[in-house]
Amino acid sequence: MHITWHGFQCVKLQTEKSLILINPFQDSQGITMPKLKVDIVLSTNLADEQSNNLKRLQGAPKEISMPGEYEISGVFIYGLNYVANQNFYIITVDGMTIAHPGKSLASLTDEQLDLVKDIDILFLPIANSNAKQRSEFISELQPRLIIPIQYKLDGLEEFAKEMGVKDVQGEKKVIIKPKDLPQEETQVIILQVS
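Heads up, the sequence shown is in our numbering, so the first residue is 26 and it goes up one at a time.
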């Protein structure tokens, strides 16, 4: 799977069979949402301009913006109502389980935690959260790999220090296969806006 971060909470997943885009944003703050042709688009919050630019997309992607269970072309998506007007998506594809909580972090209920298990990759929003919230959230989910999103450089540096990451330069995109996932400790991969 190829993973690209386009800015804010927008992430593109290129799987074996599908191109998935999460939270396409309105052009703002010097970042332009690329015009993309994707198969599936998810929005964690249609009322938020950082996650609702579905019109920017080309073609006719399957749109998901509500809680529920979905299966599209071998991609399994579970959306749960997380915090006010925000969905938390769990995506299972290419032998990996990916979690995208949207733009905010909040503790999960016991019922929600039962649904959010065995997370391989977590897209972790850095802005709008502090070290304690991030630490608790990571402890609850216990992901194998964390990719920070929704950050400015100073927030990233603070998070990197919390996690013991020394190099915050990041890559334009990353390719991850199930065999590449860490087995013991949670690892962090930094991506540049692309």
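It is possible that part of the hints are untrue.
Unchecked claim - Derived pair list, reagent style PhoX-like, types lysine-lysine, alpha-carbon separation capped at 25 Å:
1. K204 - K128
2. K60 - K42
3. K197 - K60
4. K191 - K202
It is worth saying that the hints were derived from the structure and are not from the lab.
Here is what the structure says about each hint:
no., hint, in the structure
1, K204 - K128, "violated, 29 Å"
2, K60 - K42, "holds, 20 Å"
3, K197 - K60, "holds, 17 Å"
4, K191 - K202, "holds, 24 Å"
Of the hints listed earlier, the one the structure fails to meet is number 1.
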